[in-house]
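S.K.: Sequence:
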Amino acid sequence: SPLLGKLDELLASTEHTAPSIQQIRANLGITSTRLVELSMLQDPPLVAKYWMKDARELSYDMEDCLDLDQVAGGGEEADWIDRIAGFRSRVEEANRRYERYNLDSILGSSTNIPIDHRLKPAVGKPAMEHVGMEGPMDELRRWLTDEAQELKVVSIVGVGGVGKSTFAQKLWRKLGGQFDCRAFVHTAKKPDMRRILRSILSQVRPRQQPEVCEVHNLLEDLRKHLLDKRYFIIVEDLWDTSVWDVVSRAFPKGNCGSRIVTTTKFEEVALTSCGYHSKYVFKIKPLSEDLSKELIVRRVFVSGKGCPQQCSAILDEITNKCGGLPLALNIIASLLSCQHEVLEHWKHARDFLCNSLRTNPTFDEILKQVVNLCYNSLPHCLKTCLLYFSIYPENYTVMKEDLVKQWAAEGFLCATKGEEIMAVAVSCFDRLVNLGLIQPIDINYNDKVVHYAVNNMVLDIITYKSIEENFITVMDKDCYQMSIELSDKVRRLSLHFGSATYATIPAGIGLSQVRSLTFIGLFNCLPSIVKFKLVRVVILHFLGDHGNLSLNLRKLGELSQLKYLQIKCNVTVELPYQMQGLKHLEALEIRARTVSIPSDIFHLPMLFHLLLRADRNLSPRIAKSFCLEPNPSGKISSLDNLNVLSSPPIFLQTFEVLPPIGVYSRLPEWIQQLRKLRILKIAIRQLMRNDIDILSGLPVLTAVSLHIRQSMEEIIVFHRESFPALDCLKLSCSVLYLTFQEEAMPNLRRLKLGFNAHRREFFYVNMLSGIEHLKTLQEVVGQIGLGFGAGESEWAAAEYAFKNAFSRHSNLTSFNIRRVGGVDEERSGEELLLTSTL
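The opening residue of the sequence shown carries number 1 in the UniProt record's numbering; numbering runs sequentially from there.
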């Protein structure tokens, strides 16, 4: 646990440690082990739950004591020893109560069989893939692709867990490219209409983010933008007709062949959304018993082997209990696939479902008990990681990269010797996805998952367990104290204020012991984060009513324990001029305008992830603080001061600096010192051949995104064995001259190239030489714009050249070409800045 680690560090750094502290450390180790063992029980008795809760609170209090001592500036060695020694009686009493309650006997009687989270399913079929979908999917597709020009609304209706979302996502991927614009939006039981409408608007109009926040203004903007367009909208998980009554006002009827798909559990809502045309209500039914068995067998057993005889009868019972729900069947199958030949696991799953489900249970009851079975089987670390998802509201989508960094900052995971904590976090995340507890939600046309969420039933269960354990306190705008017992200390506070214009934290809640703060709501309800003195993780997602607002974070450096800060908003963020007080900060992500960049931000010792966006009009004072020469307009045009960093952040794993912050003249040489760098996104004015050499040797670099402002002066060669770990390369430049040698980028799977069509066709002669040497390449996206003076014929020639370059590649599973407005390029007078073979 983090507490034990901190005690070990203090003991190691102290010359004369009191024996009492060493004894406390030993007793705490016993308490921690017992807590983990009890957490593995399927349904521990009340006395065990109370003991576990007290043990966790004891650990939190001791860790807070150590951290408060650090916030106060430390002090004499004897001081912190005395303070920790004050916990001795509580630790000893906790262990005595464990023995007095005879909790060891409970461990011995447990019937739970934990799974090893390191084991992978026997078959790699994604949990979203269901058997029996082909016929219904073809029928839906015919409804949506007929030649009728009037707006058509189709509603998919079915019980929870039957596969409505899977159908919608498949339609999205198969049909989305046929429309001028498209959007996929999720609603909820308690919908936030502003966020729903802003989400739609930002998707159908991606190059112009919404500036307004009021519902009526958003509706008006949407109608104007969609008026003459053929659009495709999917509205997921409608709970009430009132939501559709509002959202539907954004969609002009027109005669452009537009299509809308809604999904819901309720037939009345389905009928309302499609104008009571019952022929456009598509009902999804649970799978038959035979198809249910097929789904489990395909997921559990290696293709062709089938179900062994000793498991056949048990399979029949398990299948019967799952009620034909694909989600329940997938979770059960994923659980069993970890150790698919162990009969004991099959019997345990069957017995649990038979004992917990009454005769003729509802579909919700089935899904709840299947999720409970899977949750109870998780190891302690995976339970903790899954519970953390309850900080987010219903149907809130989250990026994998965000969640794993939050887990790491919270200290939920431990890495063994030779492992990196982020690799452990990614492994845990993938395991929860494989089990179907975390679900892929937004999938692009290359089948790459962008966002994830948890099913409503999973969220209900983990929210209940989080409240029960005082793990997370959730407050919303309607019922502030529904999850708070005033005797509890709030450790992780999640505020779901939505569109409430006035909501505050109840006065009875202490803020000093909060270690994680999540806020989702409006700017005027945002609490002051500097009051949370021991906070480690801060997640702020909020909207302002207008764009002239600013969030003052000048005192951010006072949060000495801060490890992770993420801000997503539409207002300006004012960061401190220096951040030297944040010596524990690991990840800083500001997805908002910033008017200042801390001058020492690259000298934070633990920083490994950085994402900033700057205002387009940074003042000359800020430019001076970075030793930059501002251009006459007062805008920063480069970040070349970072070329002379004497001590780059060697732990950095993600580096993203894109316009409008600035553009490097070339790739900074210090990047080659970042041996742990995994993701690089950067804009540079010119790419030189040795710039590629700087990057090619980084051992764990898996994703690179290069935006090049000037055309290449020479052919860029990717040499043999370069970029050994690279999985994804995105490169945009007005003209491409790339050569790939044999065995270059041996693990590259995804390639996205952006360039402009030009009047001179010889630009395409050596565009992609040796592309056939990328043996592992599977997915290609080309984005072609119009260069200076180019027209339709030039674009067609560029498209032909791009297709022809890949005609020699036989391993591609996905190939797409899209037309874009144009790749940024710098021009001098009337001519492009081109110096190659003119």
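Bear in mind the hints are in silico, worked out from the structure with no lab data behind them.
All of these numbers come straight from a predicted model, not from anything done at the bench.
Please note that a few of the clues may not be correct.
To be verified - Derived DEER-like restraints, expressed as beta-carbon distance ranges:
1. 6 - 807: 30 to 40 Å
2. 552 - 97: 45 to 55 Å
3. 775 - 799: 20 to 30 Å
4. 143 - 807: 48 to 58 Å
5. 344 - 190: 40 to 50 Å
6. 427 - 8: 48 to 58 Å
Unchecked claim - Once the Cα atoms are required to be at most 20 Å apart in a straight line, the calculated EDC-like pairs of lysine to aspartate or glutamate come out as:
7. 583 - 410
8. 190 - 245
9. 489 - 67
10. 730 - 691
11. 489 - 61
12. 531 - 67
13. 190 - 228
14. 253 - 220
15. 285 - 365
16. 189 - 476
17. 253 - 294
Each residue gets a CB set at the ideal place from its N, CA and C atoms; glycine is no exception.
S.K.: Run every hint past the structure and note whether it holds.
M.R.: Outcome of the hint check:
1. The hinted range of 30 to 40 Å is not satisfied by residue 6 and residue 807, whose Cβ atoms lie roughly 60 Å apart.
2. For the hinted restraint 45 to 55 Å between residue 552 and residue 97, the CB-CB distance of approximately 47 Å keeps it satisfied.
3. Remark: the range hint 20 to 30 Å for residue 775 to residue 799 is upheld by a beta-carbon distance near 25 Å.
4. The supplied range of 48 to 58 Å is broken by residue 143 and residue 807, whose beta-carbon atoms lie about 36 Å from each other.
5. Remark: the range hint 40 to 50 Å for residue 344 to residue 190 is upheld by a beta-carbon distance near 42 Å.
6. Range check, residue 427 to residue 8: Cβ separation about 25 Å, and the 48 to 58 Å hint is violated.
7. For the hint linking residue 583 to residue 410, the alpha-carbon distance of about 16 Å falls within 20 Å, and the restraint holds.
8. Taking the CA atoms of residue 190 and residue 245, the gap is near 15 Å; set against the 20 Å cutoff, the hint holds.
9. Restraint check: the Cα-Cα separation between residue 489 and residue 67 comes to about 16 Å, which is no more than 20 Å; the hinted pair holds.
10. For the proposed pair residue 730 and residue 691, the alpha carbon gap of about 16 Å is at most 20 Å, so the pair holds.
11. Note on residue 489 and residue 61: the hinted pairing holds, with a Cα-Cα distance of about 10 Å set against a maximum of 20 Å.
12. For the hint pairing residue 531 with residue 67, the CA-to-CA distance comes to about 15 Å; that is within 20 Å, so the pair holds.
13. For the proposed pair residue 190 and residue 228, the alpha carbon gap of about 32 Å is over 20 Å, so the pair is violated.
14. As the CA atoms of residue 253 and residue 220 are separated by approximately 14 Å, the hinted pair is consistent with the 20 Å bound.
15. For a cut-off of 20 Å, the pair hint linking residue 285 to residue 365 stands: about 17 Å separates their Cα positions.
16. Under the criterion of a C-alpha separation no larger than 20 Å, the hint pairing residue 189 with residue 476 is consistent with the structure, at around 13 Å.
17. Between residue 253 and residue 294 the CA atoms are separated by roughly 43 Å; this puts the pair beyond 20 Å, and the hint is violated.
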